[in-house]
Each structure stands twice: as C-alpha cells, then as structure tokens.
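Student: Sequence:
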Amino acid sequence: MNTPLDKASSRSVAIIRSRSINPGTYKVADILAKNGYNVQVILWNRDREKHKFIEKVNNYSVIYFNLRAPHDKVTVIPLLPLWWIYEFIFLFIKNSINVIHAYDFDTLWPAVLIKLLKKRVKLVYSIQDFYSENLPECFPSLIRNMINILEKLLIKYCDAVFLVNPAMYYHLRGSFIKRVKVIYNSPPDIKKTENLSVKMLRTNPPELIIFYAGQIHRSRGLIELLKALRSLNNVKLIVAGRGPDISIFLKIPEDLKNKINYIGVLPYNEVIRKTLEADVIVALYDPKIPNNRYASPNKLFEAMMCSKPIIINKETFAAKIVEKVKCGLTVPYGDINGIKGALIMLRDNPHLRMELGYNGRKAYEKIFCWELMKKKIIETYKELLEEKL
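Counted from 1, the sequence shown has number 358 at position 300 by the numbering used here; the numbering is strictly sequential.
To be clear, the hints were calculated from the coordinates, so they are not data collected in a lab.
Keep in mind it's a predicted model, so treat the numbers as computed, not measured.
Any given hint might turn out to be false.
[Said to hold, decoys possible] Straight-line alpha carbon distances no greater than 25 Å define the calculated DSS-like cross-link-like pairs of lysine-lysine that follow:
hint, residue 1, residue 2
1, Lys177, Lys440
2, Lys372, Lys346
3, Lys214, Lys236
4, Lys384, Lys398
5, Lys433, Lys249
6, Lys378, Lys398
7, Lys152, Lys131
8, Lys317, Lys346
9, Lys440, Lys420
10, Lys432, Lys378
11, Lys378, Lys239
12, Lys372, Lys440
13, Lys210, Lys239
14, Lys294, Lys317
15, Lys398, Lys424
16, Lys378, Lys420
17, Lys317, Lys398
18, Lys372, Lys433
All chains, full assembly: derive it from the sequences and hints.
Tutor: Here it is as structure tokens:
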C-alpha cells in the first residue's frame, strides 16, 4: 500500500521557465502543489536583484539561476548556452522527477534530451509565444524557418502541448502532437481568492481612469495612446511595468503630465487591484510582429474578470474574442483618432462601460475562468501519469 510520501514522490514535477516574472508559471505550480504534486520551479532570474538559490513559495520550491541578462533582446543569445547547461544538469541529476513542464522554445530542447535519456519522464510543453516569430526584424528568414522547423520536430517528443488560444494550432500544422489543450491566460477569480468585490461601475468619476500594465515597448501602441490623450479632457492614464522604452514615461511632455501617472513595476495582486480601480483597460499590439496577432493577453482576461471594458486593436486574435462577447471596443492599430473616439465613447457613456464590463464578466465565468483551466491541467497530468510506458 502506498503511503502519502510514496504518492508525492511518484508525482514530482519540474516547471522550467527562462524568466522569473510570470504569474502564469506560479499559477500552474500552485494548483499542482495543492493537488498533491511535489513541485519545483526552475527560473532564470535575469534581473539586477539577486534571489536566494532556492526559496519556498506556498507549497512548492522555486530554484533560481541567477545570471543577469536582458529581456527580449538579441544580446541574450551568448548567455543562452549557460542557461541550457544549467537546465540540463539540474534535470539530469534529479532522478525523482516524473514530469517536466517546459515553457517556450528556449527551455524545450534540454527537456527533450532528458526525456530521451530517461524514458519514464513525461514532457509537457507550454507555448506562450512562438520563438521564431518573436525574433527582431534583423534576423534573416532562414534562421526563423530553421527555429520553426526545429520546434515542430521537438514537439513530437512532448506528451502534451498547452496553447494559450486555439489560433496557435494553425501555426503548428504539420507537427505530430499527442495531446493539445488550450489554457487561456486567465487570472484566478478575485471573488474567490481575496476579500475584494468586483466593481461594476464607478459612480460619477471626475475623470476616466485608463490602466495599462505590461511591457513598456513602442510595439504596444503607447505612443499612439499618448497622442490620443493629448487633446482629451477628464482622462487619466495609469501605467505599470517596465521595458526597453521606459523613457517614454520618464520624460513625459509638459502638456501630458497631469494626464499620466507612471507607477513602476507592481506585484501581480496590485495589478489586479489597479484593474478593479480603473474604468477602462487598454491593450494594443503591433500586428507587424507575428506573435502579436496570435496574442491571448492576460490583460484581456483580467479585464473580463474585473468587469472592465477593454480597448484592443482589431488585428489580433484577442479582438475576435472582444467582438464576439461584446466586452470592449476594437480599433485599428496605430489609429490615433480611433483610440481617441473609443475613449470619448467610454468616458461619456458610463452605462456602456457597465454593459461591456458585465458581458466580459459573464464570458469569464462561463468560458474563460481559471477554474476551468485548472481542471484541464489536472486532468492532463493525471492522464500522463496513468499511462503505461
């Protein structure tokens, strides 16, 4: 008869991600730990601030590879082999691991090598972005195509693939996939996780509060958003995050200073609080970057969960969701007048804000809520561990 200790040791999971700031990774670790799995999360901490090598978070362990490196820049390439060596050695010496859960292509191939060496190990692969389509424009198409082909070849060794939306499946055509599940980037329901109510509508606000949290990059439509704000009254933009174009908000033009408040990097629970306090969420993605067209941003589902309308650009998969469930307004990317018109419409029509927010919340509860995503993840893991080798 198996003891609880035996059961835990037979359900040991290593979650691998090449960056240390991502709420989605922690969400998966948390639900697995709460369902009896022994979970270790291995992260590449690229930031100036060093973490302890290992620390306990809730019911799981987080192990940091502390090597300072840039985020989303070509200059990280010379450092990738060090990360791969670290990942491979860690997974090789950990004989108790039953499941490896790799996030994105820059963690995949060491995980595949371990699976080939240790036949009993199961491999789950989560694709947040397609690596080949996230490279800078200076990369030749030959390299992009090679990475794309390699990713498809490695996927055949994966026992399950998690996608963040169904549109991504088209990109993987031609791949041999044993199992595929769509796990939307949904947040846990604030009603169930904290003593906070979902605010449907601020009554008679003196100004429209617009909230943006995420990467500070020109490809997020931030310049166009500022230009749209320039001629508007009774609006306030709250910005949280960091990125290569942070100077946009460190040197705000004089005529915009009273309309913009940059509040730096926030922990995830504070992002949700700010979403609750806002009137409108904005999420704009340059469609020239292929990954942006597939994007299924957590900002969309956070807005839905918090009953807030969202402004998003038409060229993305996320815009199709917004238009289908009627939870926000869509505008062409880069259309300053379109952004301005959407903000005016939402500023001057509180009942429209309430209606869109209500629609989003209803869709979150029925289709996109984290409880449904949790169920898919747990069921997949159970299937994998019950399979005979």
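Student: Going through the numbered hints above, which ones does this structure break? Give me the numbers in ascending order.
Tutor: Violated: hints 7, 8, 9, 12, 15, 18.
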